[in-house]
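Q: Spelled out, the chains give:
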Amino acid sequence: MTTESTTQAVVEARNLDLVFPTNDGPVQALRDVNLTINKGDFVSFIGPSGCGKTTFLRVMAALEQPTGGEITVNGMSPDEARRQRAYGYVFQASGLYPWRNIARNIKLPLEIMGYSKSEQDKRVNEVLELVELSGFEGKYPWQLSGGMQQRASIARALAFDADILLMDEPFGALDEIVRDHLNEQLLKLWARTNKTIAFVTHSIPEAVYLSTKIVVMSPRPGRITDVIESPLPKERPLDIRDSPEFIEIAHRVREGLRAGHGDDV
Amino acid sequence: MKTLVAVLTVLAVIIALWYAACLPMNIKGVLTEAERAGVTVVPAGAKERRDMGVIGLVLDNSFAIPATWAQKRPRLPAPHQVAVELWKTTGAMVLKGKTMSKRSLFFHGWVTLSATLLGFAIGTGLGILLAVGIVHSRVMDMSVMPWAIVSQTIPIIALAPMIIVVLYSIGVQGILPKAIISAYLSFFPVVVGMVKGLRSPDSMQLDLLRTYSANLNQGFWKLRLPASMPYLFTSLKIGIAASLVGAIVGELPTGAVAGLGARLLGGSYYGQTVQIWSALFAAAILAACLVALLGVIERVVLKRMGMGA
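Protein chains in written order, with my numbering: chain A, 1 to 265; chain B, 1 to 309.
Keep in mind the hints are simulated off the structure, nothing from the lab. Heads up, some of the hints might be wrong.
Partial selection, computed: residues in chain B whose CB lies under 10 Å from chain A [claimed, not checked]: (1) S151; (2) I154; (3) Y212; (4) P226.
For each residue, glycine too, the CB sits at the ideal point set by N, CA and C.
If we strip away everything but chain A, and leave its shape as in the complex, we get (with noise of 0.2 Å):
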């Protein structure tokens, strides 16, 4: 392993495949996806529905098996990454469980991957300290609103302290208002944390505004169309998006994703 740390490759596929077989014939989901990711990266996957983005998330995840091509995490096999908690996992619902308050929701996966007690306290009080839930530890999850509840499963996700953070469309479900003030929160977390963010959106300005990297995608079958590296800096108030950099990222986003729909609009 390599000390450089701002150009170390976390996640790199190679030529990847996925084929799943449905009964109206096999579905092409990924087609020689080649992409690298680097340590501290925020890459958006952006496309329409059926192109592939969560499927190549879940892959990273080792939760689909490719079918043809390479893809490593830290080096090693999504599967290999997983068992030595490489990452976190945030899907579009939080997937609380109604029976746990919030830290013992947190604790989940501290339990499953044999922490002390005295350890899974002192990691609840970090993450929820990270996502501003303090004190909300003992409530029920359906105490919070969905913008909380969001933020629980994103400090479950981090409790365990992986160092890449899998995201599947997270806010998907929160209205704009809630969306924003969400963004700005995960940035900053991103900047206190320095962990590898892989995101998963419908909305461009979503990924303009989060990502140093936009991985543009079409379907049938499912691709990477372009890659657009981010010039904008680091530290992002909201009203960076009125700005000609943002609106010209956002411009060839949706070229992009136009390019890639074809004729079937």
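Fit chain B to the known structure of chain A by using the hints.
A: Using the frame of chain A, we list chain B on its own:
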């Protein structure tokens, strides 16, 4: 307050219909007794009345109406007759200090209840074990579930004597045969409910556990089992009522001398309809209490689990 009025209205209507039903049901018996006692009835002679419509008889002999609610052995006892019999065999016995005498419904109720509870425990335990097996093994799912369903299509009244005979021949008697019949009826709702409950976590929940590399055991104790609790309680409420039915049915073929089933049997041997109905009501009240008790436990447990919103 409005609901209370509505509930009481429904209750009043049911009782009124019951009193009304006593007229046609009991009129022939009442008229026969009255004629024997020398009262003139229209028309005279039991033979003439045999083929007549009962409504017509009631209209022609309106003097006999109160008597249809006060017969000693009516075809259909009136509500107050059942209530009086219930009181005589419960509260009145307690006041006399003979709570557990052989004529007390507390005594018979306890005999049935003990078999019910034992059977319910066996049935619930078996049901949960089977459900765990079915959820975790495809072979069990395909081999056990069909038999569980078939087992419930056989009328228990046909099976009960055989269970008792077979168990007696291997030396098992007393409370256990009844409990087994009651377990036979109560395991099924528990199996069905728990299979559904243990499978209730969606694929996202299961994926989340996979990202933690959780093993089957952890998945069961941390996710599947707690997620199944609301389903379990629903099943238990059905199961306990079925258990009580099983225990009563288990008392019938043995010619048991104690238990609510024995009261039903005795009542039908001697034409004591009032005794039959009071035993039926005792069973219904017992079942209602058991279901209500489970409801309270459900509320407390789910609330402590944080799910009692």
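Q: State for each hint whether it applies.
A: Verification of the hints:
no. : hint : verdict
1   : S151 : violated (32 Å)
2   : I154 : violated (38 Å)
3   : Y212 : holds (5 Å)
4   : P226 : holds (5 Å)
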